[in-house]
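2 protein chains.
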Amino acid sequence: MKNRVTSLFEIELPIIQGGMVWCSGWKLASAVSNNGGLGLLGAGSMYPEVLREHIQKMKIATDKPFGVNVPLLYPDIEKLMEIIISEGVKIIFTSAGNPTTWTQKLKEEGLIVVHVVSSAKFAIKAANAGVDAIVAEGFEAGGHNGREETTTMCLIPIVKEAIQIPLIAAGGIGSGNSMAAAFALGAEGVQIGSRFAASKESSAHDLYKKAIIASKEGDTALTLKSITPVRLLKNSFYQQVLLAEERGATKEELISLLGKRRAKAGIFEGELEEGELEVGQISAAISKLESVEEIILDIKDTFRTCIHQLTSLTI
Amino acid sequence: MKNRVTSLFEIELPIIQGGMVWCSGWKLASAVSNNGGLGLLGAGSMYPEVLREHIQKMKIATDKPFGVNVPLLYPDIEKLMEIIISEGVKIIFTSAGNPTTWTQKLKEEGLIVVHVVSSAKFAIKAANAGVDAIVAEGFEAGGHNGREETTTMCLIPIVKEAIQIPLIAAGGIGSGNSMAAAFALGAEGVQIGSRFAASKESSAHDLYKKAIIASKEGDTALTLKSITPVRLLKNSFYQQVLLAEERGATKEELISLLGKRRAKAGIFEGELEEGELEVGQISAAISKLESVEEIILDIKDTFRTCIHQLTSLTI
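In order, the protein sequences belong to chains A and B.
The opening position of the first sequence corresponds to residue 11 in our numbering, with each subsequent residue numbered one higher.
The opening position of the second sequence corresponds to residue 11 in our numbering, with each subsequent residue numbered one higher.
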């Protein structure tokens, strides 16, 4: 497909794999890039030197474009950016922070910069900061999430109306049908998280992948809204948060309950009850363990069939 | 358009106007039916004899198919159903209650029965009860809403997978683009609420319509989750609910705070601060007061353009 998103990244398919903590190492990202999409390393769960190692392995594993996702609230951000620049990474997706702080610096270094937002307000701010494209992520997305709770169906048209630069939709997308829906709403690309999190190449723990595959509708919730809203699979940890909130726990108490390594425990170590199992609502539609190649083939097939069916509609 | 939804209702366009409390009287519903869609009278805010009057006016105002939406928790439901049957209504949309109670009786009387759900679980239950079609309504929809918080983008494919009967998508739909998106996800029709609530023919108060038109992203919230989740515009009443919840109010206290006539006050009488202003997230994309004819023309135009653009996509 030729559009502004595939041209910007010089990729074949406008399918971006979300840079997810504890899932998106070089194995997952290189598989996505090698299959025509854009693989992203998830720096959020990597020490700077670990990221360097993953970038170096990526360069061996693929000669296709790839990128790094960086949460701008990362503690040692200067060091991380220094590695990204010195290793010659060409594409960066920033999230969870102010896009004005880094965008110009990264652009001067020749990087393509994309910022992830959950509202038109922040999309405009990011566009004004000079980013090359926007990822707009709806309420149904896994992991950290916006306070406005705007769903992908409502968010994409509103953001599209607000900005001129290319728009990538995220949240609730896991098939060619939802990719076609995102394009109908005005997106020129999609970012897919949960389905790749549960793929063979994901670095997540097998038990976490199995939990995604087993999950049904209503099994995720957006929680910890008073700290930083995060969507996760409901488990014992989630119930503890609910109970704490019901008894009127303060922000500090919730931060202390969350602790330091819940996401690693849940996603990387497979602690299904006490860990933080970040995943999107679309996990309910994910029903098997597949390779990235199988996932991308299925998305292409279902997208083609869907577009073909839509073509016959007259009104 | 010819599909299972237009055939079932014998209508021209697979566009259903939601049967909304205090908005959907005979003026709105007849305008929608006369413009090729399916108009629904919203019985939820009508005394039985008021509904009878609206049905009789509908029969004068249109010779096209129309229906009635009935929340099954309606207190005087026997009387209401008796009127619907004796007045010869052909189509009923039931919501907020158990579809097994009334579906067979209504079918025996020759009515087409559609049930509104927010999950695949209840879609299957309604299909087993014998309904002719399902409306699946996502988290972004206005008014009463499901506990699972599944968004339209995730809900439609999951429900589609679960049932064989025709599926109508609701929640976040207000344009031809979102209608095309709903079709991409597997729907064969759309139910549109907020955009018609703010139309000239809606019986809602002008101030309520103006509030919808003025609203921006993040201006609605799903609230009163411990009683019955409802999406409304954030106002003073909403803030009072938040404060009550923060101080740990019981269910009974919240029911008492809600009181008896908040929705009427907000929607019908234009009490913007103390009323309950039920509306969906898509209100942020509604920017002017239009007639039903203008709305339906715009939906047709944007749908056609959208399908045409999608047709050119190859992958």
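Hints are computed from structural coordinates only; laboratory data are not their basis.
Where hints are given, some of them may not hold.
[As the list claims (entries may be wrong)] One side of the interface only, derived from the structure: several residues of chain A facing chain B at Cβ under 8 angstroms: (1) M11; (2) T16; (3) E20; (4) L23; (5) L82; (6) Y84; (7) I87; (8) Q114; (9) F132; (10) R314; (11) T315; (12) I317; (13) L320; (14) T321.
[Said to hold, decoys possible] Heads up, simulated BS3-like pairs for lysine-lysine below, C-alpha to C-alpha not over 27 angstroms straight-line: (15) K170(B) with K298(A); (16) K37(A) with K235(A); (17) K89(B) with K170(A); (18) K170(B) with K261(A); (19) K220(B) with K235(A); (20) K37(A) with K274(A); (21) K235(A) with K210(A); (22) K310(A) with K220(B); (23) K170(A) with K131(B).
[To be verified] Pair ranges (Cβ atoms, derived): (24) E171(B) with K100(A): 52 to 62 angstroms; (25) I265(A) with T324(B): 17 to 27 angstroms; (26) G120(B) with Q174(A): 31 to 41 angstroms; (27) K210(A) with K235(B): 57 to 67 angstroms; (28) E303(B) with K135(A): 55 to 65 angstroms.
From the three backbone atoms N, C-alpha and C, an ideal C-beta is built for every residue, glycine too.
Hints and how they fare:
The restraint placing M11(A) at the interface with chain B holds, with a minimum CB-CB distance near 5 angstroms, inside the 8 angstroms limit. Interface hint status for T16(A): violated, as the beta-carbon distance to the closest one in chain B is roughly 10 angstroms, over 8 angstroms. Among the interface hints, the one on E20(A) is violated; its C-beta lies about 16 angstroms from the nearest C-beta in chain B, farther than the 8 angstroms criterion. Interface restraint check for L23(A): the shortest CB-CB distance to chain B comes to about 7 angstroms, inside 8 angstroms, so the restraint holds.
A cut of 8 angstroms between beta carbons decides the hint on L82(A): the least distance to chain B is about 21 angstroms, and the hint is violated. At its closest, the beta carbon of Y84(A) sits 26 angstroms from a beta carbon of chain B; the interface hint therefore is violated under the 8 angstroms criterion. Because the closest C-beta pair between I87(A) and chain B is about 28 angstroms apart, greater than 8 angstroms, the hint is violated. Given the 8 angstroms rule on beta carbons, the hint for Q114(A) is violated: about 27 angstroms separates it from the nearest Cβ of chain B.
Because the beta carbon of F132(A) sits about 10 angstroms from the nearest beta carbon in chain B, more than 8 angstroms, this interface hint is broken. Because the beta carbon of R314(A) sits about 6 angstroms from the nearest beta carbon in chain B, less than 8 angstroms, this interface hint is met. Checking T315(A) against chain B by beta carbon gives a least distance of about 11 angstroms; that is not within 8 angstroms, so the hint is violated. The beta carbon of I317(A) is positioned within 8 angstroms of a beta carbon in chain B (closest approach about 6 angstroms), and the interface hint is therefore held.
Nearest Cβ of chain B to the Cβ of L320(A): about 5 angstroms, under the 8 angstroms cut. The hint holds. With a least beta-carbon distance of about 5 angstroms to chain B, the hint placing T321(A) at the interface is held under the 8 angstroms criterion. Pair hint K170(B) plus K298(A) holds up; C-alpha atoms about 18 angstroms apart against a cutoff of 27 angstroms. Taken as a hint, the K37(A) and K235(A) pair is broken in the structure, with Cα atoms around 32 angstroms apart against an allowance of 27 angstroms.
A threshold of 27 angstroms between alpha carbons decides the hint, and for K89(B) with K170(A) the separation of about 48 angstroms lies outside it, so the pair is violated. The straight-line distance between the Cα atoms of K170(B) and K261(A) is roughly 40 angstroms, outside the 27 angstroms bound, and the hint therefore fails. With a C-alpha separation of about 30 angstroms, the suggested pair K220(B) and K235(A) falls outside the 27 angstroms cut-off, and the hint is violated. As the CA atoms of K37(A) and K274(A) are separated by approximately 18 angstroms, the hinted pair is consistent with the 27 angstroms bound.
With a CA separation close to 32 angstroms, the supplied pair K235(A) and K210(A) exceeds the 27 angstroms bound. Distance check on the hinted pair: K310(A) and K220(B) sit about 43 angstroms apart at the alpha-carbon level, beyond 27 angstroms; violated. For the hint pairing K170(A) with K131(B), the CA-to-CA distance comes to about 34 angstroms; that exceeds 27 angstroms, so the pair is violated. The beta-carbon spacing between E171(B) and K100(A), approximately 39 angstroms, falls outside the hinted interval of 52 to 62 angstroms.
The hinted range of 17 to 27 angstroms is not satisfied by I265(A) and T324(B), whose Cβ atoms lie roughly 49 angstroms apart. In this structure the hint that G120(B) and Q174(A) lie 31 to 41 angstroms apart at CB is violated, the actual value being about 54 angstroms. One distance hint, 57 to 67 angstroms for the beta-carbon pair K210(A) and K235(B), is violated here, with the actual separation near 38 angstroms. Evaluation of the 55 to 65 angstroms hint for E303(B) and K135(A) yields a failure: the beta carbon distance comes to about 38 angstroms.
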